[in-house]
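Construct all of the structure, not just a fragment, from the sequences and the given hints.
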Amino acid sequence: MKNQIKREQKQRVWFRILFQWHGSVLPSILPKVLLCGAFSIIIALLETGGLNLSLPLESGIVPSIVLGLLLVFRTNTAYDKFWEGRKAWGTLINTVRNLARSIWVSIEEREPEDRTEKIVTLRLLVAFAIATKLHLRGEPVNSELAPFMSPLRYEKLKIMNNPPIEVAFWIGDYLQRQFDRGYVNAYQLTAMFKLVDQLVDVLGICERILKTPIPLAYNIHLKQLILLYCFTLPFQLIAQFEWLTPLIVALISFTVFGIEEIGIEIENPFGKDPNDLPLEQICETMTRNIEDLITLAPCVRRWQDTP
Amino acid sequence: MKNQIKREQKQRVWFRILFQWHGSVLPSILPKVLLCGAFSIIIALLETGGLNLSLPLESGIVPSIVLGLLLVFRTNTAYDKFWEGRKAWGTLINTVRNLARSIWVSIEEREPEDRTEKIVTLRLLVAFAIATKLHLRGEPVNSELAPFMSPLRYEKLKIMNNPPIEVAFWIGDYLQRQFDRGYVNAYQLTAMFKLVDQLVDVLGICERILKTPIPLAYNIHLKQLILLYCFTLPFQLIAQFEWLTPLIVALISFTVFGIEEIGIEIENPFGKDPNDLPLEQICETMTRNIEDLITLAPCVRRWQDTP
Amino acid sequence: MKNQIKREQKQRVWFRILFQWHGSVLPSILPKVLLCGAFSIIIALLETGGLNLSLPLESGIVPSIVLGLLLVFRTNTAYDKFWEGRKAWGTLINTVRNLARSIWVSIEEREPEDRTEKIVTLRLLVAFAIATKLHLRGEPVNSELAPFMSPLRYEKLKIMNNPPIEVAFWIGDYLQRQFDRGYVNAYQLTAMFKLVDQLVDVLGICERILKTPIPLAYNIHLKQLILLYCFTLPFQLIAQFEWLTPLIVALISFTVFGIEEIGIEIENPFGKDPNDLPLEQICETMTRNIEDLITLAPCVRRWQDTP
Amino acid sequence: MKNQIKREQKQRVWFRILFQWHGSVLPSILPKVLLCGAFSIIIALLETGGLNLSLPLESGIVPSIVLGLLLVFRTNTAYDKFWEGRKAWGTLINTVRNLARSIWVSIEEREPEDRTEKIVTLRLLVAFAIATKLHLRGEPVNSELAPFMSPLRYEKLKIMNNPPIEVAFWIGDYLQRQFDRGYVNAYQLTAMFKLVDQLVDVLGICERILKTPIPLAYNIHLKQLILLYCFTLPFQLIAQFEWLTPLIVALISFTVFGIEEIGIEIENPFGKDPNDLPLEQICETMTRNIEDLITLAPCVRRWQDTP
Amino acid sequence: MKNQIKREQKQRVWFRILFQWHGSVLPSILPKVLLCGAFSIIIALLETGGLNLSLPLESGIVPSIVLGLLLVFRTNTAYDKFWEGRKAWGTLINTVRNLARSIWVSIEEREPEDRTEKIVTLRLLVAFAIATKLHLRGEPVNSELAPFMSPLRYEKLKIMNNPPIEVAFWIGDYLQRQFDRGYVNAYQLTAMFKLVDQLVDVLGICERILKTPIPLAYNIHLKQLILLYCFTLPFQLIAQFEWLTPLIVALISFTVFGIEEIGIEIENPFGKDPNDLPLEQICETMTRNIEDLITLAPCVRRWQDTP
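Residue numbers (our numbering), protein chains in the order written: chain A, 323 to 629; chain B, 323 to 629; chain C, 323 to 629; chain D, 323 to 629; chain E, 323 to 629.
Where hints are given, some of them may not hold.
Because identical chains cannot be distinguished in the list, a pair is counted as satisfied if it fits within a single copy or across any two copies.
For lysine-lysine, the following DSSO-like pairs were computed, each having C-alpha atoms within a straight-line distance of at most 27 Å [to be verified]:
1. Lys516 - Lys594
2. Lys328 - Lys594
3. Lys594 - Lys480
4. Lys533 - Lys480
5. Lys594 - Lys409
6. Lys328 - Lys545
7. Lys545 - Lys332
8. Lys533 - Lys409
9. Lys533 - Lys328
10. Lys328 - Lys516
11. Lys480 - Lys545
12. Lys545 - Lys594
13. Lys533 - Lys332
14. Lys545 - Lys533
15. Lys478 - Lys516
16. Lys409 - Lys516
17. Lys533 - Lys594
It should be emphasised that the hints constitute simulated quantities derived from the structure, not laboratory data.
So, in structure tokens, the structure goes:
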């Protein structure tokens with residue numbers, strides 16, 4: 323019975339997604355689909371007017387394979403970028419969690435001030451993530467970052483070329499200082515530095531995804547083949563389908579343009595579209611994890627808490 | 323002779339799987355398959371009633387390639403998630419085994435209490451795995467976890483946002499304390515910390531798999547193309563197959579919906595369905611490995627056992 | 323001239339493989355192929371008896387693509403497992419070599435007994451590999467392992483759930499003891515521990531490959547589609563091929579069942595079939611490498627050899 | 323409204339790319355396309371002259387699959403090289419950033435001269451990237467490198483076989499010297515050495531990409547199949563298309579040659595073509611990041627700045 | 323103008339590769355292609371003699387997909403091995419460079435003899451690469467190795483089962499000795515040991531590639547399907563093409579056998595064929611890099627050079 327209900331629900335979800343407009347590629351490809359349809363109508367009119375424009379249907383399997391291949395290729399490389407971007411942000415979460423735990427557990431607190439400084443640094447980790455988000459979106463340092471650092475640093479950050487790198491410098495500098503004061507040993511310091519390196523690696527990976535579109539030659543060749551295909555289609559179909567031709571051409575071009583458009587949409591996954599990564603949510607999760615951690619008392623605490 | 327019997331057995335297994343209902347996608351796709359069949363019956367009725375609804379069979383190879391491509395893509399990305407999830411849990415097993423062995427072998431035991439504390443920590447490793455399982459399934463901390471930690475910690479865990487992270491903190495804090503007491507040297511501590519980091523990495527990987535479905539635009543486009551395909555099918559087949567059309571449409575739509583449904587089923591591999599990962603079993607194996615380890619006496623033991 | 327001979331030899335090999343029975347999938351798929359052939363004969367008889375069972379040949383390209391896709395998928399995932407298993411054993415060889423060299427080169431020998439103990443540990447490395455092999459094949463600890471450890475340990479091993487993990491514990495315990503005695507420094511100990519971790523990782527990877535078959539839903543769907551395909555084939559071919567139909571159906575079903583069977587055969591590569599990994603050979607190579615190493619005198623030897 | 327404008331812009335970009343000449347493969351493949359067209363005209367002339375050269379259209383699906391497969395293969399391996407090259411340079415950026423930050427944050431500055439030396443080393447990191455760029459392009463050491471090192475070193479570099487390796491030696495030597503003077507501890511030194519190793523790894527990866535074209539046998543077989551395909555095409559099409567044959571052959575051969583040419587173009591991504599990696603830009607970004615870092619004061623500074 | 327010339331050159335290269343015999347698969351597949359052609363001539367003769375051997379052309383799309391799939395699979399796995407082998411040798415170069423630089427920069431030289439010993443060890447690194455090359459080619463230790471080690475060691479190497487492992491032992495032993503003498507600290511020693519481990523890993527990877535052919539079942543099934551395909555081809559084509567059949571069968575079988583042969587040729591990339599890896603060149607590059615390094619004076623040199 324319960325399964326029955328669950329299954330019906332699944333069916334409903336299936337059909338809701340089917341007709342969803344928001345997040346679909348339809349708005350973007352409609353003009354091109356209509357263009358192909360309109361062109362087919364002209365062909366159909368000319369055909370009715372007595373011109374014989376029909377071409378035999380089968381024009382070879384190899385060009386179809388080539389077009390199919392290019393579409394597959396476009397889709398796969400775009401999705402690979404999407405997924406690599408997602409993985410990079412997953413690594414960012416993991417690294418922030420691990421670095422935060424290491425700092426919280428391993429750096430000594432001889433006085434309450436040490437604890438305060440630790441909390442400041444933990445929040446800098448979140449600041450790194452948010453700064454990376456803004457940097458990837460081409461947005462300037464804004465008020466979203468303010469709660470995670472001192473006003474002085476916030477002002478300084480505003481004038482930097484690459485704010486996340488600056489934040490990473492602060493974290494590294496804090497760690498080095500703790501080592502110089504003897505609050506952490508050299509081995510753990512080195513391990514923590516590696517985690518900071520990982521943060522910067524993530525930043526670099528995201529920048530690489532952002533700045534390396536599909537090679538231009540592919541893009542041009544693919545667009546040319548798609549158009550060639552869609553514009554030769556009515557000649558192939560007109561004899562058989564007559565006045566249905568525009569409809570069928572529209573449907574087929576919808577299929578083909580749709581898959582190309584998806585590639586374009588997900589290639590850069592750091593934006594704010596419904597098809598992009600939920601970076602806001604990821605940053606919030608990170609903040610929550612850090613705030614949770616701060617509520618716990620590690621054994622390296624050498625002073626007495628009095629609440 | 324023995325080979326003969328083994329082969330016959332294999333054949334029987336082959337046919338048993340063939341007709342298996344439990345774990346198959348049939349229950350989920352039956353409504354959609356019947357819908358397509360019903361639609362075909364209507365078309366067949368109208369055709370018999372004199373309307374000529376037939377369309378020529380060949381409507382171009384490229385849309386078929388595009389649909390095929392999207393299905394391949396759906397299947398591959400879903401399976402990649404399944405397999406990455408499996409790999410993550412494999413890493414979890416390995417890391418728990420390695421960390422347990424390191425703790426058992428390398429941390430000094432000066433008094434019997436040290437050994438007790440070690441056992442507590444080893445059980446926390448299993449608790450980490452179970453907590454991760456519950457967290458991934460969206461279930462609250464429950465009695466399954468109780469035997470692996472003190473009641474105090476169990477209560478504390480119940481109120482955390484992300485219980486596995488808390489468990490990782492306890493393990494890290496235990497290790498740091500042993501270092502502060504001089505029971506383990508800094509290099510081994512750092513190596514153990516890296517293993518704790520790995521545990522948290524696995525958690526992050528699983529969360530990423532769970533929370534990143536296929537991009538929406540793909541999902542919509544795929545569902546639209548499948549439906550488009552299944553609903554234009556009767557028009558293509560009616561002239562040739564007549565009253566067999568509904569049967570054939572049902573079979574073909576079964577093929578296509580089935581492959582899509584598999585993608586949906588295995589995309590999130592952390593559930594309790596027959597197609598999901600055997601997380602219960604994995605956790606049990608882990609528990610057994612840890613209990614086995616506890617029966618062995620490492621050379622770092624400085625006190626005399628008297629059983 | 324020499325090239326000529328070499329080429330002729332290659333041609334001979336080519337044709338010898340072609341007709342090889344041992345290791346081919348023919349024995350396993352023959353019943354199913356004959357079944358399809360028999361079914362076709364029945365259809366052909368009924369057709370000759372006057373029933374018109376013929377169906378038009380072309381029943382759509384998409385179901386063919388779906389079946390093709392599933393076969394590709396089956397083959398690729400099975401081979402990936404085969405290859406990942408091979409890689410894991412490659413890593414095992416490498417790690418055993420590296421760990422053996424590290425132990426041999428870096429652990430001090432103050433007395434001849436130290437050397438003896440080293441040799442014992444080096445043989446434990448081979449024992450780990452053999453125990454893993456037996457464990458993966460579901461075989462109990464047997465006499466194959468006896469020469470590589472003391473009788474006491476051999477007996478102990480017999481009663482463990484997971485023998486390789488026990489062997490890893492012994493190796494780890496030996497290393498830790500050397501560190502406690504000051505025969506090796508902490509950094510090298512940590513590096514050696516990492517290699518032991520790698521051994522256990524390999525074990526975990528192999529267990530994962532062994533225990534994770536292709537998701538059930540795929541398996542069922544694939545088998546259903548294959549059978550559906552093979553049993554609709556005679557209806558499609560009967561009009562054209564008449565009494566040749568059974569032959570052709572048998573050939574085609576041979577093609578399809580063959581590729582599915584290969585997937586089944588190589589999915590678990592740890593058995594003893596001709597298509598499995600040569601684990602015996604790998605273990606022998608390892609033994610030979612270790613025995614070679616033992617013949618060399620490292621500079622850490624502090625006592626005088628008198629041969 | 324805003325979305326509307328954005329969408330129109332996207333459409334314009336789409337069409338601009340479509341007709342772009344610079345960066346497209348058209349200039350390179352035009353001669354071959356024209357050759358195929360000319361050959362078709364000859365066939366058409368002969369056919370009109372009374373010779374029956376027509377061949378039936380369908381000459382088997384398998385050769386088409388083989389050609390398609392080879393084209394896919396060509397494209398994928400070429401793109402993999404492109405992308406691996408991009409990744410290598412991404413790693414280069416990350417490593418330069420991390421090594422620069424480590425040096426800046428962790429190496430002590432007891433006197434202002436220490437700082438100067440640090441800056442010299444940081445600039446050597448950029449020099450490494452530029453030297454790698456020049457080395458990959460087969461260009462000699464030139465004035466581009468001069469600002470990043472002393473004239474003495476610049477002269478020395480000019481006579482080396484592999485300049486980047488020399489730069490890596492200088493960086494390594496600097497780090498070792500700081501360790502010998504007690505300005506950095508052994509653990510951090512080791513971590514920094516690993517980053518230098520990574521720089522050299524990137525160099526090796528790029529050299530590998532550069533020097534390993536697709537295996538010759540593939541290349542020959544692919545070219546032969548393409549030509550075979552394009553030259554049998556007119557015989558297949560002449561009966562149906564008559565005087566349209568040359569046009570259609572030209573279009574199809576454009577499709578096929580285009581995809582092959584793309585493979586050739588992006589296989590070596592280190593050149594200066596529009597389809598190559600933007601190495602100039604990458605080096606500039608790196609320079610900017612380093613100069614930014616130099617403006618910050620790390621806590622290891624033991625002397626008073628007086629600006 | 324310059325572009326024009328460059329483009330013409332490219333066209334010439336294109337056509338030169340097209341007709342290249344050396345390195346192409348033609349010599350190997352010619353016998354099989356001729357066999358298929360001859361078989362077709364027999365069929366054509368019988369057909370002319372009055373027997374009706376013609377079969378309808380279309381025998382289903384699924385077997386074609388299966389054959390295509392197996393060919394793709396064959397090609398991809400073979401190329402993966404080729405590329406993995408190339409990567410392994412790339413790693414070898416990188417590791418040799420990094421280890422050489424580490425040794426040169428970090429190990430102290432208190433007397434000129436220390437330097438001589440360093441140079442001996444650096445040359446052993448090259449010896450490792452050459453020994454690996456010979457080992458992979460199944461060649462015995464020969465004079466190529468003599469210049470890189472003392473005659474004593476050269477003789478010893480000749481009697482070992484696996485020479486590269488022996489060389490790795492010598493390198494490891496040298497490093498350990500330096501540590502025992504206090505010429506290098508423990509951290510750097512450990513890092514260098516890891517690089518030696520990497521050398522041995524590369525050896526293991528190459529051995530794995532060499533000793534793991536494609537699973538037998540695949541190989542048999544593929545060869546059977548190819549022959550089945552080529553021998554049913556004339557029956558399918560005879561009605562349409564008549565006396566052109568042998569030519570067309572030869573061309574198609576050339577296509578299919580060619581792609582299979584390429585797989586065979588590049589599967590083992592360590593030989594001396596034109597399609598194999600340029601191991602000679604790689605070893606020479608390595609030698610040159612090492613000799614270059616030796617010309618540089620590192621700061622760890624504590625004695626005065628008098629050139």
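Each hint tested on the structure:
1. Proximity of Lys516 and Lys594 under a CA criterion of 27 Å is satisfied in neither setting, with 31 Å inside one chain copy and 35 Å between copies.
2. Only between protomers do Lys328 and Lys594 lie at most 27 Å apart by alpha-carbon distance; the minimum there is 14 Å, versus 32 Å within a single protomer.
3. For a Cα distance limit of 27 Å, the shortest separation of Lys594 from Lys480 inside one copy, 22 Å, qualifies, whereas the shortest one across copies, 35 Å, does not.
4. For a Cα distance limit of 27 Å, the shortest separation of Lys533 from Lys480 inside one copy, 22 Å, qualifies, whereas the shortest one across copies, 33 Å, does not.
5. Taking identical chains as interchangeable, the C-alpha atoms of Lys594 and Lys409 lie at most 27 Å apart whether they share a chain (18 Å) or sit on different chains (25 Å).
6. In this assembly of identical chains, Lys328 and Lys545 lie within 27 Å of each other by CA distance solely across copies; the values are 20 Å between and 43 Å within a copy.
7. Only between protomers do Lys545 and Lys332 lie at most 27 Å apart by alpha-carbon distance; the minimum there is 14 Å, versus 37 Å within a single protomer.
8. For the identical chains of this complex, Lys533 and Lys409 are neighbours both inside a copy (17 Å) and across copies (12 Å), given an alpha-carbon limit of 27 Å.
9. Proximity of Lys533 to Lys328 under the C-alpha cut-off of 27 Å is restricted to the inter-copy arrangement: shortest distance 20 Å between copies versus 43 Å within a copy.
10. Proximity of Lys328 and Lys516 under a CA criterion of 27 Å is satisfied in neither setting, with 47 Å inside one chain copy and 42 Å between copies.
11. Taking CA atoms no more than 27 Å apart as the test, Lys480 paired with Lys545 passes in neither setting, with 41 Å inside one copy and 46 Å between copies.
12. For a Cα distance limit of 27 Å, the shortest separation of Lys545 from Lys594 qualifies both inside one copy, at 26 Å, and across copies, at 24 Å.
13. For a Cα distance limit of 27 Å, the shortest separation of Lys533 from Lys332 across copies, 18 Å, qualifies, whereas the shortest one inside one copy, 39 Å, does not.
14. Proximity of Lys545 and Lys533 under a CA criterion of 27 Å is satisfied intra-copy only: 21 Å inside one chain copy versus 31 Å between copies.
15. For a Cα distance limit of 27 Å, the shortest separation of Lys478 from Lys516 inside one copy, 25 Å, qualifies, whereas the shortest one across copies, 32 Å, does not.
16. For the homomeric pair Lys409 and Lys516, the shortest alpha-carbon distances inside one copy (18 Å) and between copies (20 Å) are both at most 27 Å.
17. Taking CA atoms no more than 27 Å apart as the test, Lys533 paired with Lys594 passes in both settings, with 17 Å inside one copy and 17 Å between copies.
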